[in-house]
Amino acid sequence: MADIDEIPSKIRSSSTSSIRYNIAKQIYPKQLLTIKAGPIKDELGFTLCEKVALRQAWNLIRPRERRFGQDVFYTFLNEWYWSISKFKQGEDINIALLHGHALTFIRFVGALINESDPIMFQVMLNDNNQTHSRCRVGGDYIAMLGQALTDYILKVLDKVRSPSLEQGLQRIVEKFKSYQDIQTDRSRTSYRRGLSKSNFSLHQITTKK
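Count along the sequence shown starting at 1, add 7, and that's the number in the working numbering.
Among the clues, some could well be false.
DEER-style ranges, computed between Cβ atoms [what the hints assert, rightly or not]:
id, residue 1, residue 2, range
1, T138, R71, 21 to 27 Å
2, I126, I100, 25 to 31 Å
3, Y88, I47, 39 to 45 Å
4, Y88, E181, 23 to 29 Å
5, A118, I42, 34 to 40 Å
6, D165, V144, 29 to 35 Å
7, R143, D99, 32 to 38 Å
8, R62, I42, 27 to 33 Å
9, E173, R71, 19 to 25 Å
For the record, the hints were derived by calculation from the structure and aren't laboratory data. Every residue, glycine too, gets a C-beta built ideally from N, C-alpha and C.
Just need the whole structure built from these sequences, with the hints factored in.
Structural data, given as structure tokens:
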């Protein structure tokens, strides 16, 4: 049988440990985060090294963007000569429109690189897609042009070329491709819905007859 003097000491020790436990819960209310190995990506899917490499490269490109844009289009049109018909007005090629598009495209890619808001990034891609859709320009064309721009930049900036710059430029091309695929799927879905509605209407007319 335990002594009467020992009981209060046991109670005091248990109450002290419970107090310490409660204090520890207040200090550490949340579970510690799990450590993830590898590079951390932002909401747009770029790593910090890729973002820095892209922006540094664009600081070199910006003063020469007009010449770079023309060179990219010249190289692109030499390989994909059939696409020059997109710039025809009647029987003639609109040279001013061609040169203006070359400059606009390279400025657009630069704006994407410097955009940190994911919503605005998607809005810019959406506007670009709708503009080209109105002109009946498919997503394959934009992706090929983006790849031509990537190849040209890596060739011109060979002295400052890095794996981060290569991966960052390739990621932009993938953004063009993936976003165009999403838009193409939506167009096909809406087309199927329209087709099913027309079939349903035709079925109703046939039934009434």
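Checklist entry - Okay, Y88 versus I47 on CB: inside 39 to 45 Å? => result holds, 43 Å
Checklist entry - Using the C-beta atoms of R143 and D99, is the stated range 32 to 38 Å upheld? => result Roughly 19 Å apart at Cβ, these two residues miss the hinted range, so it is violated.
Item to check | Distance restraint hint 29 to 35 Å, applied to the beta-carbon atoms of D165 and V144 | outcome: holds, 31 Å
Checklist entry - So does T138 sit 21 to 27 Å from R71, Cβ to Cβ? => result holds, 25 Å
Checklist entry - Honestly, do A118 and I42 meet the 34 to 40 Å range at C-beta? => result holds, 35 Å
Checklist entry - Given a hinted range of 23 to 29 Å, is it respected by the beta-carbon distance of Y88 and E181? => result holds, 26 Å
Checklist entry - So the hint says 19 to 25 Å: do the beta-carbon atoms of E173 and R71 match that? => result holds, 20 Å
Next on the checklist: Range first: 25 to 31 Å. Now tell me if the beta carbons of I126 and I100 are that far apart.
Outcome noted: With Cβ atoms ~37 Å apart, the hint is violated.
Next on the checklist: Does the beta carbon distance between R62 and I42 stay inside 27 to 33 Å, or does it fall outside?
Outcome noted: Because 28 Å falls inside the window, the suggested range holds.
The structure is inconsistent with the numbered hints 2, 7, although it conforms to all the rest.
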